[in-house]
Amino acid sequence: MKTKALIAVLFIGIILFWAVEDMPAFGDPDAPATQYTGQLYVDSVLPDIGIDNIVTAILASYRGFDTLGEVVVIFTAGISVALLLRRGGRL
Amino acid sequence: MMENVVIRTVSRLAVPFIQIFALYVIVHGASGAGGGFQGGVVFAASFILMIIAFGMANVRRRIDNRGIMWLSVIGISIYAGIGFLALLMAGNFLEYAAIEAALGIPHLHGILIDLVEAGIGIAVMAAMVSIIYDIAGNGEESS
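As they're listed, the protein sequences go chains A and B.
For the first sequence, my numbering gives the first residue as 1, with consecutive numbering after it.
For the second sequence, my numbering gives the first residue as 92, with consecutive numbering after it.
In isolation and in its complexed conformation, chain B is listed as follows:
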């Protein structure tokens, strides 16, 4: 697979567009069709394409298992952190209206939803890539 120049060239062209589309789907979640789950899975699909085209070792060199696990934890922490931020602002858990009322910034509710969607996207992308690493790696030692 590694010596097939057509697959490598097309993947090299396609991967950035897939990733930009994934970021668009995540960011567009509050105002149109989209959201963190869908965008995260599209982002993970770009990693699958990279693994098919360039091999597992090359992709693992860019981000290894520990980095992927940290990304997954960071995504959930963004979500839960915004929930606890609402607790600090004397609201209920994940009550964005309390944060908006405490800070006094207009439209903060939608911005917080966008941040939460970004957290969901990071967590879903990292979990999917971690599963791909573990299933598709054909027995080599993972770093």
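Chain A with its partners taken away, still in its complex shape:
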């Protein structure tokens, strides 16, 4: 079983290292990740919102409803741990 697992790990690892060859170079301006919506946000954040940090602008303004959901998820995690593990007292 261990040899089979080792063979599987080596096989997948070789495939992954093989795929690294096709990735764009680090910091390449022509990489696909910087081509489509990224350039749109870089161009439109400052006139739209007026703050410097593009990540925060996307997080808090363009995707504000999503971020509200994330905060509610963390709040729900706190409530769940309190309900499961807290003994005595009130919530």
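Note that these hints are calculated values from the structure, not bench results.
One thing to keep in mind: the hints can contain errors.
Unchecked claim - Far from chain A, some chain B residues (derived; all Cβ distances over 12 Å):
| id | residue |
| --- | --- |
| 1 | N95 |
| 2 | V101 |
| 3 | S102 |
| 4 | R152 |
| 5 | A181 |
| 6 | G195 |
Unchecked claim - Reference excerpt, derived from the structure (chain A facing chain B, CB under 8 Å, subset only):
| id | residue |
| --- | --- |
| 7 | I49 |
| 8 | G50 |
| 9 | D52 |
| 10 | N53 |
| 11 | T56 |
| 12 | L59 |
| 13 | G64 |
| 14 | F65 |
| 15 | L68 |
| 16 | V71 |
| 17 | F75 |
| 18 | V81 |
| 19 | A82 |
| 20 | L85 |
By construction, the Cβ of each residue, glycine as well, lies at the ideal position given by its N, Cα and C atoms.
On the provided structure of chain A, position chain B as indicated by the hints.
Leaving out everything else, chain B in the frame of chain A:
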């Protein structure tokens, strides 16, 4: 642990700086690297250090479970309240541009984002500290 004077002294020195750094990370969210989630977790880390150095009972005396839960609710309420404020100003939910247009204050959009980040920070900090209270408390009655 309580009688170790080195840990207590270093923690007493380090905790205010960690908390100031956490507030800096929260407030700096609109203009640089930072944000509410990161700052809130750094703030909760200062509570972990206080619990390690001074014991759970001493930290709980400063802010108890009910206070932490209220802080968490207040943080989410700040965020959602700004969203409903945009609804009141005839915009969509969380549409800060509507508030900015209605009140006519320049750069209000960035200020509202800072307020939202502060709400996120308070909520995340309170949720993390609440989880730490429940997991690290070794069975004593919580207040």
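Structure-based check of all given hints:
1. Remark: the non-interface label on B:N95 is consistent with the geometry, its nearest Cβ contact in chain A lying 28 Å away (cut-off 12 Å).
2. No Cβ of chain A approaches the Cβ of B:V101 within 12 Å, the least distance being about 29 Å, so the stated non-interface status holds.
3. With a closest Cβ-Cβ approach of about 24 Å to chain A, B:S102 is found to remain outside the 12 Å limit, as its non-interface label requires.
4. With a least CB separation of 14 Å from chain A, B:R152 remains clear of the 12 Å interface cut-off, as annotated.
5. Distance check for B:A181 against chain A: the nearest CB is about 17 Å away, which clears 12 Å, and the non-interface claim stands.
6. Every C-beta of chain A lies more than 12 Å from that of B:G195, the closest at about 15 Å, which supports listing it as non-interface.
7. About 5 Å separates the beta-carbon of A:I49 from the nearest beta-carbon of chain B, less than 8 Å, and the hint is met.
8. Because the smallest distance between the Cβ of A:G50 and any Cβ of chain B comes to about 5 Å, under 8 Å, the interface hint for this residue holds.
9. The beta carbon of A:D52 comes within 5 Å of a beta carbon in chain B, closer than 8 Å, and the hint placing it at the interface holds.
10. Annotation: A:N53 was flagged as interfacial toward chain B, and the flag holds, the nearest CB pair being 6 Å apart, inside 8 Å.
11. At about 5 Å, the closest approach between the beta carbon of A:T56 and any beta carbon in chain B falls short of 8 Å, and the interface hint on this residue holds.
12. Look at A:L59: its Cβ gets to within about 7 Å of chain B, closer than 8 Å, so that hint holds up.
13. Satisfaction of the interface hint for A:G64 is found here, the shortest Cβ-Cβ separation to chain B being roughly 4 Å, below the 8 Å cut-off.
14. Checking A:F65 against chain B by beta carbon gives a least distance of about 6 Å; that is within 8 Å, so the hint holds.
15. With its C-beta approaching chain B no nearer than about 6 Å, A:L68 sits inside the 8 Å limit, and its interface hint holds.
16. Nearest Cβ of chain B to the Cβ of A:V71: about 5 Å, under the 8 Å cut. The hint holds.
17. Look at A:F75: its Cβ gets to within about 6 Å of chain B, closer than 8 Å, so that hint holds up.
18. Proximity of A:V81 to chain B holds as hinted, the smallest CB-CB distance being about 5 Å (cut-off 8 Å).
19. At a threshold of 8 Å, the smallest CB-CB gap from A:A82 to chain B is about 6 Å, leaving the interface hint in force.
20. The interface hint given for A:L85 holds, since its Cβ lies 4 Å from the closest Cβ of chain B, which is under the 8 Å cut-off.
Hint check: no violations occur; every hint is consistent with the structure.
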